[in-house]
Amino acid sequence: MASTKKTFLGEGRASSPLAAEGKSKSELLAGLEHWRANSESDKGKFPLSSGFYSSEEFLTMEVENIFHKEWQCVGHVSELKKPGDYLTFELVGHPIMVVRDRSDELRAFSNVCRHRSARLLDGSGNTKLLVCPYHAWTYELNGKLRGAPFMKPAQVKDICLNDLRLEVWQGLVFVNLDQNAEPLAPRLESLQEEVGPFNLAGMDVVHSYDDEVDCNWKVLVENFCESYHVFRVHKTTLEPDTPTASVEVMPGGPGYNHHTMRCVTAAATNEKENKEHLSCIYPSLTFAIRTASVIWLSIQPLQYNRLRFRAWVARDLNAGRATESEVKTDMELVAAFMAEDKIINTGVQKGLECGVGNRGPLNEMEKTNWQFGQYVASKLLG
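332 is the number that my numbering gives to position 332 of the sequence shown; each next residue is one higher, with no gaps.
Fair warning: there could be bad hints in the mix.
Listed below are the simulated EDC-like cross-link pairs for lysine to aspartate or glutamate, each with C-alpha atoms no more than 20 angstroms apart in a straight line [claimed, not checked]:
(1) K82 <-> E56
(2) K379 <-> D163
(3) K342 <-> D330
(4) K23 <-> D42
(5) K43 <-> E332
(6) K69 <-> D163
(7) K69 <-> E79
(8) K342 <-> D163
(9) K144 <-> E182
Derived DEER-like restraints, expressed as beta-carbon distance ranges [stated by the list, open to error]:
(10) Y209 <-> G84: 34 to 44 angstroms
(11) E273 <-> E167: 25 to 35 angstroms
(12) R116 <-> P243: 52 to 62 angstroms
(13) E182 <-> S246: 45 to 55 angstroms
These are computed hints drawn from the structure, not numbers from a lab.
Built from N, CA and C at the ideal position, the CB exists for glycine as well.
All chains should be modelled from the sequences, with the hints used to inform the complete structure.
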C-alpha cells in the first residue's frame, strides 16, 4: 500500500509493480512537481522517481508535450547527397520521409499519400518521383501532386504532401511535427562551439541500424548521458580507451547536456582532440564524437517499457576514407557495448517497475541525468 507520507511518485510502494499504474494525469503532474521541488538536498541531486518510467499515462503526456513538439534527429546529410535521395523514419507513430529535391533542397514530409493514407516510401534509396503503391498517385520531389490516374485535373488541383519542419545542425537532419516550434540552432550555440571543430557535417555515415529495447525511453537516454557506469558495464570494451576517472561534466545548455572523457589512444595534436564529447540533444538524440568518428542514437518510445532506436556510425572524410577493416572494427565495438547496455537497461526497467529504486543521490558524473530530468519536468509542467 502507498505510504501516507508525502514522497516522490513511486516511493512507498515496495511491493507494488508498475508504481504509477492507475495514477491520474493530475496526480502524475503533482508528483513531478514534488520531485522538481525536492530533487536537490544536502546529500546531492536525485534522479527522476521510478514511477515516471512505469506509466502509460505519463508516456502519453511526454508524447503530447515533448515528442510532438520537439526537434528529433532522423538522419545525416551524407545519406542524402543527390536529388532523389530519400530516407524514412517514424516519429512516435508518425511516418516521415526526407527527400533531396531537384533544386538540391532537403524537404521533410509525412510519409502518407493524401488520397487514402498509404505509406509512400520504405527504407532509403533514390527515386525520381514519389509514387503511391496503392493507387499510383504520383508526387514530385517537392511534394506537389503530379498526377492521379482516372481523376480529373480539377479534382486534384493544388494537392501537396503534408510538409514538415526541417533543420540541419552540424550535418544532422532534424524534423519537428510542430509547425510553430522555435528553431533548434539557438539552443545549441554553446555546444556548437565545443563540437564544431570535429566537423560532424563533413563525416560520412558508414553504418546504421534499428533495434528495440525493453525499457522506458528515458532509461536509454540517461544511460548514454552518463559515463559513471563505464568502468563496470564496459570494463573491457570502452573503459581501456575512455576511462571513467576522466569524466568531466560540462555546463550544458537549454537544449542539451554534455560531458567529456579522455581518449587514451587518440593520435591528438592538442588537448581538445584528446577528448571524446558525449551529449544528449533533448529530447532523445545522444551522441559521442571524437576526432574522425562519431556514433549517435535517435530514440523513440513505443510503450512505457519499450523503445526503438536508430543508431548511426560516421567517419570523417577529410581524415581519409575508412578501410573495410576499420569499419568492421567500429561495428564490432558498437555491437559489443550496445549489447552490454541492453542487458543493463532491461534490468533497470524491471527494477523501476518495482517502485523501490531511484532514491539514492546521483554521482557528480551523473549530473547530466539530473539536468535531463529537469528538462522533462519543464516540458510537462511549464
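Outcome of the hint check:
1. K82 <-> E56: Distance of about 41 angstroms is beyond 20 angstroms: violated.
2. K379 <-> D163: 25 angstroms, violated
3. K342 <-> D330: 18 angstroms, holds
4. K23 <-> D42: Not satisfied, since the Cα-Cα distance of roughly 30 angstroms exceeds 20 angstroms.
5. K43 <-> E332: 40 angstroms, violated
6. K69 <-> D163: 15 angstroms, holds
7. K69 <-> E79: Roughly 25 angstroms between the alpha carbons, so the hint for K69 and E79 is violated.
8. K342 <-> D163: Distance ~35 angstroms between K342 and D163 Cα, so the pair is violated.
9. K144 <-> E182: With a Cα-Cα distance of about 26 angstroms, the restraint between K144 and E182 is violated, given a limit of 20 angstroms.
10. Y209 <-> G84: 34 to 44 angstroms: 24 angstroms, violated
11. E273 <-> E167: 25 to 35 angstroms: 28 angstroms, holds
12. R116 <-> P243: 52 to 62 angstroms: Since the Cβ atoms of R116 and P243 sit about 56 angstroms apart, the hinted range of 52 to 62 angstroms holds.
13. E182 <-> S246: 45 to 55 angstroms: 35 angstroms, violated
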